Amino acid sequence: MTRDLNTAEDCVQDAYAKALTAWSTQGIPGKPGAWLTTVARRRAFDLADRSDVARRALPLLVTDHVAAGPEWAEGEEIEDDRLRLIFTCCHPALAPEAQVALALRLLCGLGTPEVARAFLVSESTMAARITRAKKKIAAARIPYRVPPLAELPDRTESVLAVVHLLFTTGHAAPAGADLVRRDLVERALDLARMLRSLLPGDPEVASLLALILLTDARRRTRVSDEGHLLLLADQDRSQWDRSEIEEGLHLVAQAIRKGRPRRFALMAAITAVHADSPSWDATDWEELVGLYDLLLDAWPSPVVALNRAVAVGFAAGPAAGLAALGPLESEPQLTTYGYLASARADLLRRLGRIPEALVSYEEALAFTENDVERSFLAQRIADLKSPGAS
Amino acid sequence: MAQYLMLIYEDEARWAQATPETAEQVMKQHDEFVAAHKLILRGGHALQPASTATSLRQQQSGGFAVTDGAFVETKEAVGGYYVVEAADLDEAMAAAKDIPAPFGGVEIRPVRESS
Chain W
1 MTRDLNTAED
11 CVQDAYAKAL
21 TAWSTQGIPG
31 KPGAWLTTVA
41 RRRAFDLADR
51 SDVARRALPL
61 LVTDHVAAGP
71 EWAEGEEIED
81 DRLRLIFTCC
91 HPALAPEAQV
101 ALALRLLCGL
111 GTPEVARAFL
121 VSESTMAARI
131 TRAKKKIAAA
141 RIPYRVPPLA
151 ELPDRTESVL
161 AVVHLLFTTG
171 HAAPAGADLV
181 RRDLVERALD
191 LARMLRSLLP
201 GDPEVASLLA
211 LILLTDARRR
221 TRVSDEGHLL
231 LLADQDRSQW
241 DRSEIEEGLH
251 LVAQAIRKGR
261 PRRFALMAAI
271 TAVHADSPSW
281 DATDWEELVG
291 LYDLLLDAWP
301 SPVVALNRAV
311 AVGFAAGPAA
321 GLAALGPLES
331 EPQLTTYGYL
341 ASARADLLRR
351 LGRIPEALVS
361 YEEALAFTEN
371 DVERSFLAQR
381 IADLKSPGAS
Chain L
1 MAQYLMLIYE
11 DEARWAQATP
21 ETAEQVMKQH
31 DEFVAAHKLI
41 LRGGHALQPA
51 STATSLRQQQ
61 SGGFAVTDGA
71 FVETKEAVGG
81 YYVVEAADLD
91 EAMAAAKDIP
101 APFGGVEIRP
111 VRESS
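In order, the protein sequence lines correspond to chains W and L.
Take 1 as the starting number for the first sequence in this note's numbering and just add one per residue.
Take 1 as the starting number for the second sequence in this note's numbering and just add one per residue.
One or more hints might be untrue.
[Stated by the list, open to error] Lysine-lysine pairs mimicking DSSO-like chemistry, simulated, CA-CA at most 27 Å apart: (1) Lys38/L <-> Lys75/L; (2) Lys28/L <-> Lys38/L; (3) Lys75/L <-> Lys134/W; (4) Lys136/W <-> Lys97/L; (5) Lys28/L <-> Lys97/L; (6) Lys97/L <-> Lys75/L; (7) Lys97/L <-> Lys135/W; (8) Lys28/L <-> Lys75/L.
[Stated by the list, open to error] The calculated label-pair distances, taken between Cβ atoms and stated as ranges, are: (9) Arg132/W <-> Val66/L: 31 to 41 Å; (10) Gly105/L <-> Arg84/W: 24 to 34 Å; (11) Leu56/L <-> Arg132/W: 24 to 34 Å; (12) Ala138/W <-> Val34/L: 22 to 32 Å; (13) Ala35/L <-> Pro92/W: 21 to 31 Å; (14) Ala127/W <-> Gly69/L: 34 to 44 Å; (15) Met1/L <-> Asp178/W: 41 to 51 Å.
Treat the hints as calculated values from the structure; they're not laboratory data.
Keep in mind it's a predicted model, so treat the numbers as computed, not measured.
The beta carbon of each residue, even a glycine, is placed where N, CA and C say it ideally should be.
Construct the entire structure; sequences and hints are all you get.
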């Protein structure tokens with residue numbers, strides 16, 4: 001019996017899609033056998049081109065095809081250009097601070113004065129930095145393109161760092177009247193989604209998107225109606241964006257199943273613990289400390305150590321938190337970091353050591369530029385100074 | 001197409017302590033580099049040590065100050081160079097990664113185009 005060629009192809013397509021779906025939930029079998037011969041792969045790529053369903057089921061299949069570039073559908077040409085731009089802005093031959101400055105300027109369309117403000121440098125300094133970077137790109141001929149497949153993994157790391165920095169700068173603005181720079185957050189989210197569609201199999205890319213979604217889900221509850229900072233403990237969780245949380249949790253679950261979790265996978269997992277917790281009191285602080293331990297191992301940053309100390313303060317009490325904070329007091333990178341002082345202040349306050357807490361809050365104030373955060377700290381100081389403070 | 005100068009910097013003290021096997025291996029890697037990139041190579045030489053260099057600096061008062069040694073005293077000195085022709089920096093970088101420099105590294109400097 002002769003079968004129609006199209007029918008035969010449809011059957012095969014269906015079989016592949018089913019296999020891919022099964023693999024994504026159960027993991028690739030130890031010996032996939034004939035399925036993963038080069039021929040089979042090639043066919044799956046061809047099918048993925050035509051079938052959106054197969055494309056979405058692709059997470060485990062190698063990024064070979066996706067990164068080919070020219071096969072993007074017409075509607076995605078604009079996306080393609082922004083991808084070229086971000087990989088160019090984040091080229092390793094450029095200094096890290098130049099990478100971020102260029103991304104803000106060229107990808108997010110911020111004016112030079114705005115970029116300068118985001119970095120707390122003078123406008124002339126920032127203008128010189130951007131000019132120098134552009135000259136470097138021209139003189140050294142840094143190519144304007146998405147890197148070829150073989151180079152993508154290395155190049156992606158720096159892109160993720162830049163997008164993450166864009167997000168954190170928008171999420172908690174270092175200076176200015178507003179806590180949040182919504183435009184930066186949206187650009188960062190946009191870029192994270194683009195990277196996700198370019199590299200659907202990359203767990204760090206998925207994790208960054210998850211991290212942004214899970215953190216951004218809290219956007220409506222971080223500042224009260226009166227414009228005051230609301231801590232995680234005081235936020236109305238019913239106002240968190242449930243669809244962003246669900247999407248984020250799904251992405252984290254996928255990412256941490258893929259080999260040893262790296263920096264963004266662990267950061268996303270930490271944020272997921274909070275997002276998934278029905279209340280502040282129900283927060284699993286032990287799990288958080290465990291995740292911070294892993295993160296510190298993968299990404300030994302003093303800021304991570306600081307955040308870990310805060311978690312320890314909740315898991316094992318403020319005295320333990322203060323002990324964990326101890327070694328960080330001599331960290332050169334944290335000497336003017338306002339959050340170190342405010343973390344210390346909070347722990348001291350909870351221990352009833354009010355005069356010391358006040359000193360730390362004043363120190364935090366000295367190192368904090370954002371108006372909303374300053375106002376919060378000033379209120380803490382006022383509360384502690386009022387009679388009957390405990 | 002643009003030209004790039006690849007300056008090979010090496011810690012001479014560490015080189016002096018290298019075993020003959022290491023030296024042989026590095027020579028072999030240079031041969032492999034030249035073979036692999038012969039289509040884009042436009043030149044290159046190994047240099048005599050920095051101690052054999054002579055530096056000149058023109059004086060304000062006229063004449064030259066002549067000093068023994070490299071122009072800039074650094075831990076790592078220029079030990080050799082290649083010139084390659086490449087379409088862009090990525091291509092140049094890919095080639096540069098094949099240059100052996102176990103006791104230092106490689107600087108990639110774009111050559112100014114004369115027009």
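Okay, the hints, checked on the actual structure:
1. Lys38/L <-> Lys75/L: Violated - the C-alpha atoms of Lys75/L and Lys38/L are around 31 Å apart, more than 27 Å.
2. Lys28/L <-> Lys38/L: With Cα atoms ~15 Å apart, Lys28/L and Lys38/L stay inside 27 Å; holds.
3. Lys75/L <-> Lys134/W: 31 Å, violated
4. Lys136/W <-> Lys97/L: With Cα atoms ~20 Å apart, Lys136/W and Lys97/L stay inside 27 Å; holds.
5. Lys28/L <-> Lys97/L: With a Cα-Cα distance of about 15 Å, the restraint between Lys28/L and Lys97/L holds, given a limit of 27 Å.
6. Lys97/L <-> Lys75/L: 21 Å, holds
7. Lys97/L <-> Lys135/W: 24 Å, holds
8. Lys28/L <-> Lys75/L: Distance of about 25 Å is within 27 Å: holds.
9. Arg132/W <-> Val66/L: 31 to 41 Å: About 34 Å separates the Cβ atoms of Arg132/W and Val66/L, which means 31 to 41 Å holds.
10. Gly105/L <-> Arg84/W: 24 to 34 Å: 29 Å, holds
11. Leu56/L <-> Arg132/W: 24 to 34 Å: The hint (24 to 34 Å, Cβ to Cβ) holds, given that Leu56/L and Arg132/W are roughly 30 Å apart.
12. Ala138/W <-> Val34/L: 22 to 32 Å: 30 Å, holds
13. Ala35/L <-> Pro92/W: 21 to 31 Å: 27 Å, holds
14. Ala127/W <-> Gly69/L: 34 to 44 Å: Cβ of Ala127/W to Cβ of Gly69/L: about 39 Å, so the range 34 to 44 Å holds.
15. Met1/L <-> Asp178/W: 41 to 51 Å: The hinted range 41 to 51 Å holds for Met1/L and Asp178/W, with Cβ atoms some 49 Å apart.
Hints 1, 3 from the earlier list are contradicted by this structure; the remaining hints agree with it.
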